[in-house]
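Trainee: Here is how the chains run, residue by residue.
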Amino acid sequence: MSAAPGIAAIAYALPAASPSVRQLAAAGALQSEPAMLERFGFGHVCLAVDETPYDLALSAASALLRENDLDPLSIDALIYGGAPGSIAFSHPRDAADEARGLCDVRRFQYPGTRLQFDLGMENASVLGLDQLACTTILGAVRVARALCIAEGLERVLCVSSEFYPAAAGREAITNCTSDAACAVLVERNSPRNRIVAGATVTKGYFWRAASMRDEVMASYFPTAAHVMRRTVAAAGWQPSDVDWVMPHNVSATSWDILFRIAALPNARLYRDNIARIGHTLAGDNFINLRDAADAGVVTAGDKLLLFAYGYGAHWTGLALEA
Amino acid sequence: MTPMTCFITGTTGLLGGEVVARLVSEPGVGTIHALTRSPIIGGSQRIVPVGGNMLSDGLGIARPVRNRLAREVTTVVHCAATTAFSQPLDVARATNTEGTRRLLEVTADWPHVRRWVFVSTAFVAGLRTGVIDEADIATSDWANGYEQSKAEAEALVRDARDDWAIARPATVVCDDATGRISQVNAVHRALRLYFSGLAAMLPTAEHSRLDVVTTEYAARGIARLVMARDVERRAFHFCAGNGAMPLGQLLDATYESFLRAPAWRRKGIARPVRTDLETYRMFEAAVEDAGSERVRQAVRSLGHFVPQLAYPKHFDTTGADALLGEAAPDVASYWEQMVDTLIAAPATREVA
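For the protein sequence lines, the chains are A and B, in the order given.
Take 1 as the starting number for the first sequence in my numbering and just add one per residue.
Take 1 as the starting number for the second sequence in my numbering and just add one per residue.
To be clear, the hints were calculated from the coordinates, so they are not data collected in a lab.
Beta carbons: idealized from backbone N, C-alpha and C, even for Gly.
Where hints are given, some of them may not hold.
Short, incomplete list of chain A residues facing chain B, as computed with Cβ under 10 Å [as the list claims (entries may be wrong)]:
1. 39
2. 40
3. 213
4. 214
Computed Cβ-Cβ distance ranges for the label pairs, DEER-style [to be verified]:
5. 31/A with 135/B: 54 to 60 Å
6. 256/B with 117/A: 54 to 60 Å
7. 38/A with 177/B: 52 to 58 Å
8. 240/A with 159/B: 50 to 56 Å
9. 38/A with 294/B: 21 to 27 Å
10. 242/B with 268/A: 39 to 45 Å
11. 169/A with 294/B: 20 to 26 Å
12. 297/B with 33/A: 16 to 22 Å
13. 96/A with 196/B: 33 to 39 Å
14. 192/A with 276/B: 33 to 39 Å
15. 18/A with 297/B: 49 to 55 Å
16. 28/A with 276/B: 39 to 45 Å
17. 196/B with 27/A: 36 to 42 Å
The following block holds chain A by itself, in its conformation from the complex:
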């Protein structure tokens, strides 16, 4: 029987502070009117104050190992994505200063290698992923699946941790953003969440992200719908087969539109976390999947479609069978 890699476990970590949209507005952390952002479905975000990105990554990965009673030595590879180098160890208030670390040997202090050491994953080779924005964890899962199939690895731990420095504000293109870390375990023969197919479209034309917001906004819907349909087709499914869409937690209004044009007649959108957490760069889709599974709304055999957009610009879909 051929290998059937899948998502065997998920854990995530959120910082303690959880201000409301209105509190963020009062603190000057938003560009848009809070009423509009609330209309778009946002309620609270998770804000790192005393936590570093690495703290969150360590917390998520530790939880995953602990909750699933996993021997760290059984992890064959660790794929780490998110805040890079020295920034990964800084508090949000110090992040701008920590960029100085790129000028000296501190630039080679990596969170991936530290995580391998701190958690005792001595058998894990470490890879880093970058430049995928909010699709980093989906990219990591793609690589992990490939490693399982191509190299016969049994367990690959994917970890992503992202944050915004304190001065950066909490809004990205009318989406409220959260700090978070997400850990996803890909097993070569997973008992659940079999990875059926994936699809990614990268449009390098949008690399100049700061000045192409309008073009990106216009391209978002047609390309997102295309990638979702392509993922479903690659899975060998009909659009009507999809039971659940695990979204990235961007505006609920944009999902209302995307959901209609994606034309998945029987699918439901898991949207509870848009209000509770907002958009994490680290792993909305898997955070949602974990919560949906814990809540019992996703059951074994359900066909799941995960979709995320990474500014810069990547559109990625993943088809899982729960």
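Given the coordinates of chain A, assemble chain B onto it according to the supplied hints.
Mentor: Showing chain B alone in chain A's frame:
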């Protein structure tokens, strides 16, 4: 037979100018009095400029000139209109509806007039769907102020006279089958927005088509309507009709043209999503809420035109085909050339 003496409005416009050029070459046409704000409009001695405009009482024509016109004119051809889809209704009405009312008032006491040709638009059909007969009278809602103002003007003409003939061209997109574009309008601007990657969606319905024609065809039809017998109290659809392209096919042809530009191909700009009108309205609202001013302007610009695509209609052209002895050229025969022209070079004039 005494040659007809024509009074024509809108001769500096795209269609009006072409209609005059055709009538000048007709042996049955004598003098052409051309209402114009410009003192000189052409090189033919048979064309007599008449100073005036559609917005003034009495069309702003001097009394002695009006008296002379009353004595001589046998045929009125009303081409003047403001054709911008984006204009507010009151602005469209000022020229299209009230201008027509003024022309009807002025010509009411011209005793020799036997033919009163009104150049309307096929889109007086507004938001109706299905087969639109030439005999149909617009009674529905409309997609924009232009359509409504023209429908109201049609009603005025029908009520005021017994000698009317109405030309209803579809939207003109290029001069002729070469695809040359002398005037950019809402269709072209929509295509430019899709080309630039600033437009994401297109409201459509099953069986949606885009009915467009060339200036050459529409002007030929109007000129024929001026000359033909037994056309009184009838409307004629100078439309592509059966030759209109289904929207999917039209998008394919459009993006084939776009893809011929290597720089465009590399950008990977997505084809717009075809969606229902309700979803499109949600998208419009989201852009109004959260879009930049540039994207808002782009979507507002499309909003005056593209929602019409969600009301699929087929213009019956039986009367027009019989009048001209042939149907309009198939849109597919010139659409790609037109798009190639549009993306290669700017046109000479624009309609907002």
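Trainee: If a hint holds in the structure, say so; if it does not, say that too.
Mentor: Now the hints, each set against the structure:
no., hint, in the structure
1, 39, "holds (7 Å)"
2, 40, "holds (8 Å)"
3, 213, "holds (7 Å)"
4, 214, "holds (5 Å)"
5, 31/A with 135/B: 54 to 60 Å, "holds (56 Å)"
6, 256/B with 117/A: 54 to 60 Å, "holds (56 Å)"
7, 38/A with 177/B: 52 to 58 Å, "holds (55 Å)"
8, 240/A with 159/B: 50 to 56 Å, "holds (54 Å)"
9, 38/A with 294/B: 21 to 27 Å, "holds (25 Å)"
10, 242/B with 268/A: 39 to 45 Å, "holds (44 Å)"
11, 169/A with 294/B: 20 to 26 Å, "holds (22 Å)"
12, 297/B with 33/A: 16 to 22 Å, "holds (21 Å)"
13, 96/A with 196/B: 33 to 39 Å, "holds (36 Å)"
14, 192/A with 276/B: 33 to 39 Å, "holds (37 Å)"
15, 18/A with 297/B: 49 to 55 Å, "violated (38 Å)"
16, 28/A with 276/B: 39 to 45 Å, "holds (40 Å)"
17, 196/B with 27/A: 36 to 42 Å, "holds (37 Å)"
Violated hints amount to a single one, hint 15; each of the other numbered hints is respected by the structure.
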